[in-house]
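Peer 1: As they're listed, the protein sequences go chains W and C. Residue 15 in the working numbering sits at position 15 of the first sequence; the count goes up by one each step and never skips. Residue 437 in the working numbering sits at position 232 of the second sequence; the count goes up by one each step and never skips.
Possibly wrong hints are sitting among the right ones.
As the list claims (entries may be wrong) - To spell it out: a stretch of chain C is covered by chain W in this simulated footprint if at least three of its residues, at any positions, have a beta carbon under 8 Å from a beta carbon of chain W; those stretches are:
| # | segment |
| --- | --- |
| 1 | 674-680 |
| 2 | 694-700 |
To be verified - Some chain W residues flagged as far from chain C (calculated, every beta-carbon gap over 12 Å):
| # | residue |
| --- | --- |
| 3 | GLU59 |
| 4 | ARG60 |
| 5 | THR90 |
| 6 | ILE137 |
| 7 | ILE139 |
| 8 | LYS147 |
| 9 | SER204 |
It is worth saying that the hints were derived from the structure and are not from the lab. Just so you know, even glycine gets a beta-carbon here, dropped at the ideal spot from N, CA and C.
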Amino acid sequence: MIPGAARLNGASLRPSPRRLALIFCTLILALTGLFDSFGGARIKAKALVAQLLLEKAWERTLDGETQTKPWPWADIWPVLKIEAPRLRQTAIALSGVSGQAMAFGPGLMPQTPTPGEPGMSIIAAHRDTHFKFLKNITIGDDILVTKPDGNTLRFTITETRIVNANQSGLYADGETPQIALVTCWPFNALTPGDERFVAIATLSH
Amino acid sequence: MLHPDAGPVNPVTLSVDLDAGFPLGDIMSSYHQISINHRDERHAALVLSEDTTPANRDFELVWRPKNGAAPSAAIFKETIAGNPFFLLMITPPSYEIEKKPTPREIIFVIDTSGSMGGESIRQARDSLAMALKRLQPGDAFNIIRFSDQTDQLFPASQPVNAETIGNALHYVNALDASGGTMMLPALKAALTDHGASQQYLRQVVFLTDGAIGNEQQLFDTIAAMRGDARIFTVGIGSAPNSYFMSRAAELGQGTFTHIGAVTEVAERMNAMFEKLESPAITNLRLRWPDGAQVETWPSPIPDLYKGETLVVAARADRGEGTLQISGADGETPWKVALPLEGAANRKGISKLWARKKIASLELSRARAGADRAALDNNILDVALAHDLISRLTSLVAVDVTPSRPGGENIARTDIPLNLPHGWDFEKVFGNETKPRQREALASPLLQARVTEADATAPAGQGRSGVALPQGATLADVKIMRGVLFLTLAFLILIFTLRPQAAYWFADVKRDAR
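Build out the structure end to end from the sequences listed, making use of the hints.
Peer 2: In structure tokens:
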């Protein structure tokens with residue numbers, strides 16, 4: 001079409017090589033932009049949709065099924081429901097904290113105890129998806145944790161701190177039943193870093 | 206902890222009476238000076254050269270059998286409560302002349318399921334690429350990849366040459382992690398793929414994090430279909446399913462290698478390959494006297510590799526008769542008979558057996574769905590019967606001489622300790638000349654040092670606490686960058702390309718006309 005048009009109208013409006021290069025670059029820029037925004041949106045969408053499917057799987061878990069897979073090829077299953085009533089947030093937590101698992105929901109670290117048992121259960125999620133609400137959490141907030149047997153435990157946030165991921169100072173073994181909600185810090189940073197925000201909640205009776 | 210200038214406390218003297226049961230080769234102490242007095246070819250006495258050595262580091266003694274042309278075996282016995290316990294040591298021959306290696310068929314099976322995403326798949330790719338580069342002409346190989354689907358590089362194993370390796374490296378480079386984990390079809394494919402002829406030594410190398418739930422089914426498949434293939438498992442990531450991997454390797458007479466970080470790939474894979482490349486005695490079989498009830502560890506008996514000694518601990522119900530050991534030294538069959546009555550008595554064999562038994566029980570306990578309470582009871586029984594320290598038992602010393610007369614208050618005293626070798630007192634405690642007390646343990650620097658030394662702690666649970674996972678995605682960055690790029694493109698379009706756009710627009714109208 002362009003060569004044809006150029007023939008009809010002479011050379012005056014024919015795209016110069018420089019112009020072609022510019023068109024090409026603009027096209028690449030636009031494509032990269034599309035690709036990136038879709039990639040980002042996909043992460044968010046995955047996090048949302050997975051929680052919906054997990055909600056279904058969680059209901060079946062409460063009915064007595066074990067290791068219910070939210071979708072047939074999943075290698076994760078719901079283990080807890082976490083609620084922050086004041087902030088009106090809920091999330092279904094999963095077995096494991098691999099990158100893949102955490103795309104779908106908060107993960108209960110496998111080497112830590114089940115919430116309610118003595119020791120610290122560590123639950124981790126991304127600060128830009130499931131644990132976005134942690135930035136608004138304050139000491140004294142209640143965290144409700146429901147276990148597969150249907151029992152709901154009430155924990156109260158007693159401490160928040162910022163730690164280094166590799167020197168967390170958090171230990172799974174202890175006597176008081178506690179949970180630690182962990183996410184990346186600072187909340188508005190653009191790239192992942194080494195610092196983590198930890199909200200520690202203690203079982204209240 | 207004491208400043209080194211204060212002089213060492215708890216000095217140690219140590220003497221070892223080494224009766225190896227086979228002719229001794231090199232004897233080395235890894236960290237201390239020792240003086241050795243060879244009594245005869247199997248027997249040596251050694252003491253620390255320094256009279257008083259501070260207790261500030263481990264003592265490690267390494268000894269090797271003297272090189273012989275044939276494999277050799279030695280047997281020892283200990284009788285506890287009427288039960289004989291045996292310790293069997295088999296040492297491989299050392300070859301003066303380099304023997305032509307047995308051609309091998311190696312099947313790599315790599316897990317590309319979603320749980321391997323990120324760092325793990327990079328480690329697996331690096332490990333596999335490293336392995337491919339070590340294959341030798343004459344060997345055959347294939348690669349099987351699995352997630353919820355299985356596919357393989359070649360329909361059947363191919364000989365190693367520049368072209369096949371090139372293809373393989375290309376294939377490995379393109380591997381990415383996504384989807385679920387269905388290991389069974391891949392395992393079956395690996396165990397049935399008979400592209401190469403029968404005289405190849407078949408070795409299956411499994412690279413996975415072992416995030417699976419159907420372990421028993423996989424074990425049954427391995428036991429039923431393995432034939433004489435050897436299975437080597439490579440655990441990827443900081444916390445692989447070590448129950449599955451160790452047991453699969455044990456069943457497959459191979460080894461389990463754990464790679465926790467990309468930096469470990471080269472060292473660990475090389476160590477594994479040295480083994481893969483140098484089996485000395487294969488198909489080892491132990492035939493105990495007819496009718497004897499014997500429990501041996503490890504079970505099944507693995508191959509014997511060059512430069513290693515195979516140690517088998519057994520508990521039998523009787524101590525008479527002859528133990529027949531057979532195997533293959535390359536193409537040559539090898540056989541030896543050991544009369545059990547002739548076994549020399551040694552202390553501690555039952556403890557060794559019990560330790561291996563406890564280790565294996567602990568391994569079963571780690572498995573999903575295991576009856577932990579029952580296994581704990583078993584562990585407790587074995588540990589108590591053999592006076593061993595385990596997760597559930599410890600040794601308690603009771604001193605019957607009263608050290609505190611009745612009516613006197615309890616006093617608390619800290620016992621000074623030597624600074625561990627290689628530590629710098631000033632760096633850990635700062636410039637204090639006074640010996641520091643218990644509070645020193647709270648020093649963050651000391652904790653950091655402890656963590657470095659704490660390499661044997663379970664993954665992610667050193668003294669500095671549980672290592673926390675990544676807590677952010679790149680979603681926001683991606684969306685922001687995406688929108689920025691799109692806006693830029695749009696602006697360029699409007700301000701720079703408008704005449705051009707007008708031209709095209711006009712052009713379209715012309716065409717329409």
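Peer 1: Give a verdict on every hint.
Peer 2: Status of each hint after checking the structure:
Given a C-beta distance limit of less than 8 Å, the hint that chain W covers the segment 674-680 of chain C holds, as 7 residues qualify and 3 suffice. For the segment 694-700 of chain C, the stated coverage by chain W is satisfied: 4 residues place a CB nearer than 8 Å to a CB of that chain, which reaches the threshold of 3. No beta-carbon of chain C comes within 12 Å of the beta-carbon of GLU59 (chain W); the shortest separation is about 21 Å. The beta carbon of ARG60 (chain W) is kept farther than 12 Å from every beta carbon of chain C, the shortest such distance being approximately 17 Å.
With a closest Cβ-Cβ approach of about 19 Å to chain C, THR90 (chain W) is found to remain outside the 12 Å limit, as its non-interface label requires. Its beta-carbon lying about 14 Å from the closest one in chain C, ILE137 (chain W) satisfies the requirement of being farther than 12 Å from that chain. The beta carbon of ILE139 (chain W) is kept farther than 12 Å from every beta carbon of chain C, the shortest such distance being approximately 20 Å. With 12 Å as the threshold on Cβ separation, the claim that LYS147 (chain W) sits away from chain C holds: the shortest Cβ distance comes to roughly 18 Å.
Separation of SER204 (chain W) from chain C is adequate, the least Cβ-Cβ distance of about 23 Å exceeding the 12 Å criterion.
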